[in-house]
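Two chains, two frames, some hints: make the complex.
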Amino acid sequence: MLGVLYILLCWLAGNAISYLTGGYISGNIIGMVLLFAALEFRIIDADKVRPVAKMLLGTMALFFVPYGVGLMVSYETIMKNFWAIIIASVVSTVLIMLVVGWVYQKTARKR
Amino acid sequence: MIESILKSDLCLLTLTIGLYCGCSSLYRRTHTVFLHPVLLTFLAMIAFLKILGVPYERYREATEILNFALGMSVVALGYLLYEQKEQMKGQTAPILASILSGCIVGIISVVYIAEYMGADRTILTSIAPKSVTVPIAVAVAAPLGGEVTVTSVVVFCVGIFGNMIGFRLLKLFGIRNPKAQGLAMGSAAHGVGTARAIEQGAVEGAMSGLAMALMGIATALLLPLIEKYLY
Numbered sequence: 001m002l003g004v005l006y007i008l009l010c011w012l013a014g015n016a017i018s019y020l021t022g023g024y025i026s027g028n029i030i031g032m033v034l035l036f037a038a039l040e041f042r043i044i045d046a047d048k049v050r051p052v053a054k055m056l057l058g059t060m061a062l063f064f065v066p067y068g069v070g071l072m073v074s075y076e077t078i079m080k081n082f083w084a085i086i087i088a089s090v091v092s093t094v095l096i097m098l099v100v101g102w103v104y105q106k107t108a109r110k111r
Numbered sequence: 001m002i003e004s005i006l007k008s009d010l011c012l013l014t015l016t017i018g019l020y021c022g023c024s025s026l027y028r029r030t031h032t033v034f035l036h037p038v039l040l041t042f043l044a045m046i047a048f049l050k051i052l053g054v055p056y057e058r059y060r061e062a063t064e065i066l067n068f069a070l071g072m073s074v075v076a077l078g079y080l081l082y083e084q085k086e087q088m089k090g091q092t093a094p095i096l097a098s099i100l101s102g103c104i105v106g107i108i109s110v111v112y113i114a115e116y117m118g119a120d121r122t123i124l125t126s127i128a129p130k131s132v133t134v135p136i137a138v139a140v141a142a143p144l145g146g147e148v149t150v151t152s153v154v155v156f157c158v159g160i161f162g163n164m165i166g167f168r169l170l171k172l173f174g175i176r177n178p179k180a181q182g183l184a185m186g187s188a189a190h191g192v193g194t195a196r197a198i199e200q201g202a203v204e205g206a207m208s209g210l211a212m213a214l215m216g217i218a219t220a221l222l223l224p225l226i227e228k229y230l231y
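Top line first, the protein sequences correspond to chains A and B. The first sequence: position 69 = 69 (our numbering), numbered continuously. The second sequence: position 44 = 44 (our numbering), numbered continuously.
Looking at chain B on its own, in the form it has when it is part of the complex (with noise of 0.2 angstroms):
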């Protein structure tokens, strides 16, 4: 009867928004990237899911409301890009060049370091869109068969090694003007990197949300087509 409560939808669901809850406010009280609420959130819930004993597939069946949800939050990323696109004003030319550079520099480097370490395709194609905010990285690596559980993990891990070297990295090689150093933080770390942008200043924060918008739709484009013909 317990049982039966503990492994039933409602309750999987109960638990991931409570864990999400607590690690939040765990993380507003220690403030280290480290102890992050989302992957704090991971780590507990497998741990609570490893001993109720439920298999994986049950939980994404209960938790499928959710994924419901993160669709929808991809296509809000449109509003966001609506309302960041003042930001481009008068710099439309240098802001897309240094975007899609990145973008086409960010895919073909992991990608090509990653088969000559000797992973398979499928790792590849997980991977490959590993600097853009985790629901367009699950949407543009699943079609083209990519592993979106390992998508999601890495992804988040790379926005959490952006969100501690990016300032130190991008100072150390001279790249000081605030905006270029946003818009840096936003395309390499996505909202990782971009809620560490927003603490260093208002310019730096706006630019980082409006380059992890662009970059998610020239990742979006592009990296089907460089699939299909350079790997």
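Same shape as in the complex, but just chain A (with noise of 0.2 angstroms):
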């Protein structure tokens, strides 16, 4: 149970600093930051922390299921839309791909 108090308290701590930073990252991602850092300095133990992280990441398609089903009122702003997206997202993606390969092979080899 220490685990989930860990992540709670990151979570909470970040939901304070994003409130009063003015609220432009959500304090969840802030908590994460937060976690990694507590993590890294040996602040709070690793081994405490993985099974409850290990369990959240392995279920997280679930948790998110309830936004997708919001596709049953997004629907018609998507389709209104649909060839914008659509082309906006898979040019990005391949960009995307094609960038973080290249920089990578550029800058590695020269070591």
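Don't read these hints as lab results, they were simulated from the structure. For each residue, glycine too, the CB sits at the ideal point set by N, CA and C. Check the hints yourself; a few may be wrong.
[To be verified] Simulated crosslink set (DSSO-like; lysine-lysine; CA at most 27 angstroms straight-line): (1) K50/B - K80/A; (2) K48/A - K89/B; (3) K106/A - K171/B; (4) K7/B - K50/B; (5) K85/B - K106/A.
[Unchecked claim] Covered stretches of chain A, as calculated for chain B (at least 3 residues, CB under 8 angstroms): (6) 22-32; (7) 48-57; (8) 79-86.
In structure tokens form, the structure reads like this:
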């Protein structure tokens, strides 16, 4: 249960920081960075967090089902912008792959 | 009486988890990425809600606990990053350089192309984080005014697209280094791409997981700035 507590504490602290900085970045994302930092600096024990984290990450897909079901209300918005969304997403996804792959190959080879 | 049980929170939640388990086992048997369990669960759940006549808002209320768990799993990604960080040993600079350039190129390209094609600002913000894992994408898009239901569906489809074309595309363009391939898969197609990278090999899989976590953080930090100043 200690693992759950650590995760919730990071989230809570993240929410507080998010609130104080105007809410541009979600509290749970700041919480993620805090958890990483706390593990890195050995403030909290990785063995305590591991089982909870593995469980959460393994079932993450289930947790966002309610958002996906939102398709039943966002259907019209998506259809109205169908081609803009498809073409922009496809081109951008291809670009990311090529840019990441190329930049890594170029910069890693020099060493 | 039966109707009130069917429409209860417990029943809607049980149905969601049941469909997820059923679709997952179907996927394990057929193994076609089109029949991705999560996508099937979305569609089957929508069909059920339509038949039961339950509005989406009601369903969201009933499954609030899943939303809470989603928030927790975003924090848990910090653990994933901690675990994957060893992969970066001695290569921190090339890895960070490639992820950062991918992140910026990705956001700018998706936003400008969609804007050019006439999408409004809500849509732009909703699809700007389209290459990061769904929980992060939702957490990034929501405070900036994006429509999270659009975000989750688009992000998911992007993952499936990347999963299908990824390795073929990379080979076609001469990207053959397994580490480069893994990074490219995870940064462009998040968890769904990482699942494909793991099948390809251990190095690709590990790099892909690392890239997914780094891309999430980079997008969470950069998107609010890009949104404010560039579009």
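Exercise. Do three or more residues of the region 22-32 of chain A come closer than 8 angstroms to chain B, measuring C-beta to C-beta?
Worked result: Coverage by chain B holds for the region 22-32 of chain A (8 residues, Cβ < 8 angstroms).
Exercise. Do the alpha carbons of K48/A and K89/B lie within 27 angstroms of each other, as the hint requires?
Worked result: The given pair, whose Cα atoms are some 24 angstroms apart, holds under the 27 angstroms limit.
For this session: Tell me if chain B covers the region 48-57 of chain A under the three-residue, 8 angstroms CB rule, please?
Result: Contact hint for the region 48-57 of chain A vs chain B: holds, 6 residues under 8 angstroms.
Exercise. Does K106/A lie within 27 angstroms of K85/B when you go C-alpha to C-alpha?
Worked result: Within the cut-off at roughly 21 angstroms; holds.
For this session: Check, residue by residue, whether the region 79-86 of chain A contains three or more positions whose beta-carbon lies closer than 8 angstroms to a beta-carbon of chain B, and give the verdict.
Result: Coverage by chain B holds for the region 79-86 of chain A (4 residues, Cβ < 8 angstroms).
Exercise. Do the alpha carbons of K7/B and K50/B lie within 27 angstroms of each other, as the hint requires?
Worked result: 12 angstroms, holds
Problem set entry | Restraint status (C-alpha distance of K106/A to K171/B at most 27 angstroms) | 16 angstroms, holds
Exercise. Is it true that the CA of K50/B sits at most 27 angstroms from the CA of K80/A?
Worked result: 22 angstroms, holds
This entry satisfies every hint, going by the numbered hints stated previously.
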